[in-house]
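Student: Below, each chain spelled out in residue letters.
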Amino acid sequence: MPDMDRNTPFAFDGLDRVFHERARLGIVTSLAGQPEGLSFSSLKSLCGLTDGNLNRHLAVLEEAGHVEIEKGYDGKRPQTRCRLTGRGRAAFAAYLEALEGVLQKANQAAGSETVMRSWKERPA
Amino acid sequence: MSDVDRAIAQIADIRAQLAVSTRFSGYAPAAVGGIGVLSVLITLLQLGLPGRFAANDRQFIIIWGLLLASGFLLIGFEAVVRTLRDNDDMARHMLLSATRIVVPSFLVSAVVPVAILEYSPEAAWIVPGIWQMVMALVAFAAFPSMPRKIVWPGLWFLLCGMAGIFLAGHIGGLTPLLVGGPFIVGHFAIAWVLSDRETFPRA
Numbered sequence: 001m002p003d004m005d006r007n008t009p010f011a012f013d014g015l016d017r018v019f020h021e022r023a024r025l026g027i028v029t030s031l032a033g034q035p036e037g038l039s040f041s042s043l044k045s046l047c048g049l050t051d052g053n054l055n056r057h058l059a060v061l062e063e064a065g066h067v068e069i070e071k072g073y074d075g076k077r078p079q080t081r082c083r084l085t086g087r088g089r090a091a092f093a094a095y096l097e098a099l100e101g102v103l104q105k106a107n108q109a110a111g112s113e114t115v116m117r118s119w120k121e122r123p124a
Numbered sequence: 001m002s003d004v005d006r007a008i009a010q011i012a013d014i015r016a017q018l019a020v021s022t023r024f025s026g027y028a029p030a031a032v033g034g035i036g037v038l039s040v041l042i043t044l045l046q047l048g049l050p051g052r053f054a055a056n057d058r059q060f061i062i063i064w065g066l067l068l069a070s071g072f073l074l075i076g077f078e079a080v081v082r083t084l085r086d087n088d089d090m091a092r093h094m095l096l097s098a099t100r101i102v103v104p105s106f107l108v109s110a111v112v113p114v115a116i117l118e119y120s121p122e123a124a125w126i127v128p129g130i131w132q133m134v135m136a137l138v139a140f141a142a143f144p145s146m147p148r149k150i151v152w153p154g155l156w157f158l159l160c161g162m163a164g165i166f167l168a169g170h171i172g173g174l175t176p177l178l179v180g181g182p183f184i185v186g187h188f189a190i191a192w193v194l195s196d197r198e199t200f201p202r203a
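Heads up: the sequence lines are chains C and H, in that order. With UniProt numbering, the residue at position 121 of the first sequence is 121, and numbering never jumps. With UniProt numbering, the residue at position 145 of the second sequence is 145, and numbering never jumps.
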């Protein structure tokens, strides 16, 4: 695996497609700091999603085993709570690490481009 | 700061949030249970040989202070070793957030008795109560990264700390059970909580 990383440094295999989508990234990031999870309505307003969209993305996350959805009651009102599972937390931590790696590579590339540009634009 | 730098900083922030709210498995229940066993031994020694091990409040503070400090170092060492063994960046973040909770409390617990013994030794009887309340604060502060049962040892230490101060003030000094009882039960309770295999998310 390390050899593969060396040979294909820009393959970015660690970027899990389940997380690598704007709405799902918002959902998982909202849940990341909440060990007790969030209610469906809080999640909806935090992520700016419609009921249908949120349901669809939660289903993808639940199917991957990253999110657990629990239906219960808050007093007498029915409530749906969503939480990151232990597996989801570990996978999201790995995803963030991979994403950070991508950005650091981009930063390095931007840095070397700036050096090249200033070299090309230097006075003759 | 470029956009990329800002994005990297945001990722670091999200990882820190994830670490704070993920269960920290660095604390070893065996180490905490071991401190509980030592607490039993000290209490028995103080009950059996009060003239030698429980002669005055100062002696209580020194004996229990040394036990708690060595317990802190043992548990801390174990946590660092377990975290480094995992070789996981996330675990290191979690160790850092646990350190932010525990170290300031440890410093307060070490400095306050030293100051009291130095400048106001007649008030030494309040120290075990203060230690117990600080331990309660640590337990409550660690709640997001611990099994939810951690509130019980936290409550125990809080109530014992308050009751201990009232009782010691009423009796006019410390007794082996007044000091040892809360630490024995509290340490075994924390060991029980840490041995819980409850995983996140909580039920």
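Everything labelled a hint here was simulated from the structure, so no lab data went into it. Just so it is clear, CB atoms sit at the ideal spot from N, CA and C, and this is done for glycine as well. Be aware that a few hints might be false.
Taking beta-carbon pairs under 10 Å as the criterion, some of the chain H residues facing chain C (in silico) [what the hints assert, rightly or not]:
{"no.": "1", "residue": "Ile8"}
{"no.": "2", "residue": "Gly33"}
{"no.": "3", "residue": "Gly36"}
For the chain C half of the interface with chain H, some residues (derived, Cβ under 8 Å), not all of them [as the list claims (entries may be wrong)]:
{"no.": "4", "residue": "Leu15"}
{"no.": "5", "residue": "Arg17"}
{"no.": "6", "residue": "Ala23"}
{"no.": "7", "residue": "Gly26"}
{"no.": "8", "residue": "Thr29"}
{"no.": "9", "residue": "Ala32"}
{"no.": "10", "residue": "Gln34"}
{"no.": "11", "residue": "Phe40"}
{"no.": "12", "residue": "Ala98"}
{"no.": "13", "residue": "Leu99"}
{"no.": "14", "residue": "Glu100"}
{"no.": "15", "residue": "Gly101"}
{"no.": "16", "residue": "Leu103"}
{"no.": "17", "residue": "Gln104"}
{"no.": "18", "residue": "Ala106"}
{"no.": "19", "residue": "Asn107"}
Student: Next step is simple, just say for each hint if it's right about the structure.
Tutor: Status of the hints after comparison with the structure:
no. : hint   : verdict
1   : Ile8   : 5 Å, holds
2   : Gly33  : 24 Å, violated
3   : Gly36  : 27 Å, violated
4   : Leu15  : 13 Å, violated
5   : Arg17  : 18 Å, violated
6   : Ala23  : 16 Å, violated
7   : Gly26  : 11 Å, violated
8   : Thr29  : 6 Å, holds
9   : Ala32  : 4 Å, holds
10  : Gln34  : 6 Å, holds
11  : Phe40  : 15 Å, violated
12  : Ala98  : 10 Å, violated
13  : Leu99  : 6 Å, holds
14  : Glu100 : 5 Å, holds
15  : Gly101 : 10 Å, violated
16  : Leu103 : 5 Å, holds
17  : Gln104 : 7 Å, holds
18  : Ala106 : 5 Å, holds
19  : Asn107 : 5 Å, holds
In the structure shown, a violation is registered for the earlier hints numbered 2, 3, 4, 5, 6, 7, 11, 12, 15, in ascending order.
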